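Trainee: Listed below are the residues making up each chain.
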Amino acid sequence: MDIYQHLKEIGVEMPELPKPVASYLPAVLFEHQIYASGQTGTQHQKLVYQGKLGAELTVEQGKASARLAALNCLAEIQAVLGDLNRVDRILRVTSYVASAAGFNQQPAVVEGASALLIEVFGEKGWHARTAIGVAELPSNAPVEIELIASLFT
Amino acid sequence: MDIYQHLKEIGVEMPELPKPVASYLPAVLFEHQIYASGQTGTQHQKLVYQGKLGAELTVEQGKASARLAALNCLAEIQAVLGDLNRVDRILRVTSYVASAAGFNQQPAVVEGASALLIEVFGEKGWHARTAIGVAELPSNAPVEIELIASLFT
Amino acid sequence: MDIYQHLKEIGVEMPELPKPVASYLPAVLFEHQIYASGQTGTQHQKLVYQGKLGAELTVEQGKASARLAALNCLAEIQAVLGDLNRVDRILRVTSYVASAAGFNQQPAVVEGASALLIEVFGEKGWHARTAIGVAELPSNAPVEIELIASLFT
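Residue numbers (numbering that gives the first Met the number 0), protein chains in the order written: chain A, 0 to 152; chain B, 0 to 152; chain C, 0 to 152.
If we strip away everything but chain A, and leave its shape as in the complex, we get (with noise of 0.2 angstroms):
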């Protein structure tokens, strides 16, 4: 099935691809894997929640940031690939968690990222997966996620 008519089917908009801030590329391809950049949460160029969780955002703020970084990643593939419907599956996710002392459900916040890589692919959505808590993100981001993905061959 094509990636998009799913993408209409499911609710899920694309987002337009966040402009590198710096001297990198969205994602790089090699042979049939892709890297994409670190993206966090933001939406038309900002981000939509700011902070720390465990001191001013909740859970459910964290999986709703994990969901757009996750998004985003998905835009970079497509800037790169041109077309979406190239990507077979997702192998491995990192995603870093900006965590206030104490706070240690880093992968309940990462689920928000998961859960959609699993409703836009599939059983191929399923990934290999890394859950941090770390100390401060770019620009006071909650949650920053990468990935790799796979290629058909």
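Do not rely on the hints blindly, as some may be mistaken.
Claimed, not checked - Using 27 angstroms as the maximum straight-line C-alpha spacing, the simulated DSSO-like pairs for lysine-lysine come out as follows:
(1) A/K18 / A/K45
(2) C/K18 / B/K123
(3) B/K45 / B/K7
(4) B/K45 / B/K18
(5) C/K18 / A/K18
(6) A/K45 / A/K7
(7) A/K123 / A/K7
(8) B/K7 / B/K123
(9) B/K18 / A/K123
Stated by the list, open to error - If you want the ones that stay clear, here's a sample from chain A, every Cβ over 10 angstroms from chain C, calculated:
(10) V11
(11) L24
(12) R88
(13) Q104
Stated by the list, open to error - So, partial list: chain B residues that the calculated Cβ filter (under 8 angstroms) puts toward chain A:
(14) L24
(15) V27
(16) S36
(17) Y95
(18) L136
The set of hints was computed from the structure by calculation and includes no laboratory data. Fair warning: this is a prediction, and the values are worked out from it, not measured in the lab. Just so it is clear, CB atoms sit at the ideal spot from N, CA and C, and this is done for glycine as well.
Given chain A's structure and the hints, the job is docking chains B and C onto it.
Mentor: For chains B and C alone, kept in the frame of chain A given last:
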């Protein structure tokens, strides 16, 4: 040599697979590389140590946690491949150490994971490595390890 | 063009390989990808700067550290490949910036690494990138860089 025979000889028991706590896979295989999800130092689904290096835990306790986490990564790979004998070598280890302010001995902690991988795979257990200190980890784990291994082609 | 000739022309001197402080390799090659171990901003085995961004160090000092760390990654790759001319392009850079509370300019710091890679490899130095802020780094380093490069096939 059969790896299970070797594990028996060096007195290393493969742990049961830690159950993923959310929507991700233990590991994902693509071509001849396998990505293992991040693991912490659990035994029978429970963390052996909790807390931060430089605060509640000693370097020795951190090393023990790193060793268990690496072993859990191997359990993930085994679960996906069916047979650990298919692994050729360890390519890269990324290691996150929950660090209180002023703790800067991450490499000494991560050595627990590296040593285990070298015990298990010999020459082919040597890997590229990154060790960093993070704010918080899931369930207050002291160490999280993720790795990439290659398979015999 | 020979890369060593180019390095001479742009006034970049390849550093000696920082000695691994523990049980890991400078870099590991698999098929046409090479994984370089995490590096900090050392020169002649000593950190040029120590401390955190947003506390003891300025963004300019962080950038200088990131540049040295990226150069040390190239020294790792050279040590394993024997000849840096075998590198085709940089695929991905993951960068960790030791960040005091409230420091959120990680991308500005990491720019020091990205700029160096583009100086050295031109178009092929452009990469996917992730920049995060971490609690602590080994030996109180301000920046740690790891990267993946591809080789000519």
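Trainee: Please list, smallest to largest, the hint numbers that this structure does not respect.
Mentor: Violated hints (numbers, rising): 5, 11; every other hint is consistent with the structure.
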